[in-house]
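J.: Work out the full structure: start from the sequences and follow the hints.
Number of protein chains: 2
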Amino acid sequence: MNIALIGAGNVGWHLAQALQSAGHTVTAVYSRTATPREELSRLLPQAQPISSLNLQSINAEVVLLAVPDAALATVAAALQVKPGTIVAHTSGSQPLSILAAVACARTGVFYPLQTFSKSKAVTFKKVPILLEATDNETLQELQALAQSISETAEPVASGARRQLHLAAVFACNFTNHLLGISRQLLLEAGLPHHLLQPLIQETVAKAMLHHPYLVQTGPAVRHDQNVLDEHLHMLQQHPQLQELYRLLTQSIQAAAEKQ
Amino acid sequence: MNIALIGAGNVGWHLAQALQSAGHTVTAVYSRTATPREELSRLLPQAQPISSLNLQSINAEVVLLAVPDAALATVAAALQVKPGTIVAHTSGSQPLSILAAVACARTGVFYPLQTFSKSKAVTFKKVPILLEATDNETLQELQALAQSISETAEPVASGARRQLHLAAVFACNFTNHLLGISRQLLLEAGLPHHLLQPLIQETVAKAMLHHPYLVQTGPAVRHDQNVLDEHLHMLQQHPQLQELYRLLTQSIQAAAEKQ
Numbered sequence: 000m001n002i003a004l005i006g007a008g009n010v011g012w013h014l015a016q017a018l019q020s021a022g023h024t025v026t027a028v029y030s031r032t033a034t035p036r037e038e039l040s041r042l043l044p045q046a047q048p049i050s051s052l053n054l055q056s057i058n059a060e061v062v063l064l065a066v067p068d069a070a071l072a073t074v075a076a077a078l079q080v081k082p083g084t085i086v087a088h089t090s091g092s093q094p095l096s097i098l099a100a101v102a103c104a105r106t107g108v109f110y111p112l113q114t115f116s117k118s119k120a121v122t123f124k125k126v127p128i129l130l131e132a133t134d135n136e137t138l139q140e141l142q143a144l145a146q147s148i149s150e151t152a153e154p155v156a157s158g159a160r161r162q163l164h165l166a167a168v169f170a171c172n173f174t175n176h177l178l179g180i181s182r183q184l185l186l187e188a189g190l191p192h193h194l195l196q197p198l199i200q201e202t203v204a205k206a207m208l209h210h211p212y213l214v215q216t217g218p219a220v221r222h223d224q225n226v227l228d229e230h231l232h233m234l235q236q237h238p239q240l241q242e243l244y245r246l247l248t249q250s251i252q253a254a255a256e257k258q
Numbered sequence: 000m001n002i003a004l005i006g007a008g009n010v011g012w013h014l015a016q017a018l019q020s021a022g023h024t025v026t027a028v029y030s031r032t033a034t035p036r037e038e039l040s041r042l043l044p045q046a047q048p049i050s051s052l053n054l055q056s057i058n059a060e061v062v063l064l065a066v067p068d069a070a071l072a073t074v075a076a077a078l079q080v081k082p083g084t085i086v087a088h089t090s091g092s093q094p095l096s097i098l099a100a101v102a103c104a105r106t107g108v109f110y111p112l113q114t115f116s117k118s119k120a121v122t123f124k125k126v127p128i129l130l131e132a133t134d135n136e137t138l139q140e141l142q143a144l145a146q147s148i149s150e151t152a153e154p155v156a157s158g159a160r161r162q163l164h165l166a167a168v169f170a171c172n173f174t175n176h177l178l179g180i181s182r183q184l185l186l187e188a189g190l191p192h193h194l195l196q197p198l199i200q201e202t203v204a205k206a207m208l209h210h211p212y213l214v215q216t217g218p219a220v221r222h223d224q225n226v227l228d229e230h231l232h233m234l235q236q237h238p239q240l241q242e243l244y245r246l247l248t249q250s251i252q253a254a255a256e257k258q
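Those sequence lines, one after another, are chains S and E. Under numbering that gives the first Met the number 0, the first residue of the first sequence carries the number 0, and numbering increases by one thereafter. Under numbering that gives the first Met the number 0, the first residue of the second sequence carries the number 0, and numbering increases by one thereafter.
Check before you lean on any hint, since a few could be wrong.
When chains are identical, the list treats them as one kind, so a pair holds in a single copy or across two.
In the DMTMM-like style, the derived pairs of lysine to aspartate or glutamate whose C-alpha atoms are separated by at most 25 angstroms in a straight line are [said to hold, decoys possible]:
id, residue 1, residue 2
1, Lys125, Glu201
2, Lys81, Glu256
3, Lys124, Glu201
4, Lys119, Asp223
5, Lys257, Glu140
6, Lys257, Glu242
7, Lys81, Glu150
8, Lys81, Glu37
9, Lys257, Glu187
10, Lys117, Glu187
11, Lys81, Asp228
12, Lys81, Glu242
13, Lys117, Asp223
Worth flagging that the hints you see were computed from the coordinates, not collected in a lab.
T.: Pasting the structure below:
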């Protein structure tokens, strides 16, 4: 398929390359600023870097919007495409209806559920792509496109996708932050971070096998008050981490009581 | 070596079996209650389940204390061993000095840095064991014991071990709780939890390669206020999760500002 990509951030960066690897052609890359669209276009031999949202002269059956959630409504309102083009956004949190403003288009959602950084390659085959569309034909075309780059392509309606995105914030963004805090604490003690790697891997492996609430370990769930007090004392130079420690401990204890 | 194990909880359960697999003999298993010591002893052909902390008639060069942190001081005070026995505790948070009360013993720490649940097997070779001892000879004997079951056995003093344990609470116990919250949110939306597995695995894989603060993604670090407000609204039935969401968001933004 011929695809135009709006947005050259982390999602667009990986998505465009996965599409190209699967044999599709990315014909145009739009971004507001010049550097990202030119950098990404250089990786896509047939892509033209563009600075206008009027795509009526661009050869593309599908236009994918990989822009920040906050910019989506504005971009959708400004976008002009050939009649019959499929326009799909890639956001986990935004509804399909945000694309209602796009004239003459069939609209959909093409949400790759993954965390993307330009600095790290991603195995796209393993990235679930969650789909939605205004009509069944568009859904089927998006599904075919998704299945060409991923093993998992499933229709998920706006409400469920929004909840999935919230769950993903806890499982990914917040988890990453906790891993960052632990790394910071190790650095402060002059300890190598590789010491914690087997623990982190085991934590995640166990969470795949069992509901994490049922395999919770540590001083909070044991109500080991001496250790909890000592940890809070050790964090006294970091009042925000202290507050986070306190709240996570309470939340662990509350979840355990409900089991 | 002949080893007596005090405590038949999650740590003792896995440690005893790893020691036996490496060719050591667990000669006795103590626990306060009958069921765990008998269940564990059944897995260890030469182990005698015992209910007294007087081990003077037990054949053991090393006594390992795998009891809850809160019980450690009491158990240490009640323990009686043959002169010259090595007594080591397995706690991340407790100092070596807590064993000063054990008469006639050489004391140490033998801390396996991992999360243990009886329901899941652990590859002990990959579990770092952190060691400490009152004298060099004892340290060397504990190191030989640790190296017989693990690839990583390193001396770490009480202060650094305590900080490592605090970091492990963030990286493991708190992370597990966040994974539990995300699972709960998926269940509430009727979504299968396998959808999030590639995301969780990628999050952890990326955190091994880069400092997590430098690869933070998501609405918090983007200051995407619309999404943040919507997520807080979606959590209104869960005030504790709402508070956690707010605090983690602030903490992510504060960490990003310091970079």
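J.: All the hints need checking, so say for each whether the structure fits it.
T.: Hint check results:
{"no.": "1", "hint": "Lys125 / Glu201", "in the structure": "both (21 angstroms within a copy, 10 angstroms between copies)"}
{"no.": "2", "hint": "Lys81 / Glu256", "in the structure": "neither (57 angstroms within a copy, 43 angstroms between copies)"}
{"no.": "3", "hint": "Lys124 / Glu201", "in the structure": "both (24 angstroms within a copy, 13 angstroms between copies)"}
{"no.": "4", "hint": "Lys119 / Asp223", "in the structure": "between (39 angstroms within a copy, 23 angstroms between copies)"}
{"no.": "5", "hint": "Lys257 / Glu140", "in the structure": "neither (44 angstroms within a copy, 45 angstroms between copies)"}
{"no.": "6", "hint": "Lys257 / Glu242", "in the structure": "both (23 angstroms within a copy, 18 angstroms between copies)"}
{"no.": "7", "hint": "Lys81 / Glu150", "in the structure": "neither (30 angstroms within a copy, 62 angstroms between copies)"}
{"no.": "8", "hint": "Lys81 / Glu37", "in the structure": "within (24 angstroms within a copy, 75 angstroms between copies)"}
{"no.": "9", "hint": "Lys257 / Glu187", "in the structure": "between (36 angstroms within a copy, 15 angstroms between copies)"}
{"no.": "10", "hint": "Lys117 / Glu187", "in the structure": "neither (28 angstroms within a copy, 33 angstroms between copies)"}
{"no.": "11", "hint": "Lys81 / Asp228", "in the structure": "neither (64 angstroms within a copy, 35 angstroms between copies)"}
{"no.": "12", "hint": "Lys81 / Glu242", "in the structure": "neither (53 angstroms within a copy, 46 angstroms between copies)"}
{"no.": "13", "hint": "Lys117 / Asp223", "in the structure": "between (42 angstroms within a copy, 20 angstroms between copies)"}
The structure does not agree with the numbered hints 2, 5, 7, 10, 11, 12 stated previously, though it agrees with the rest.
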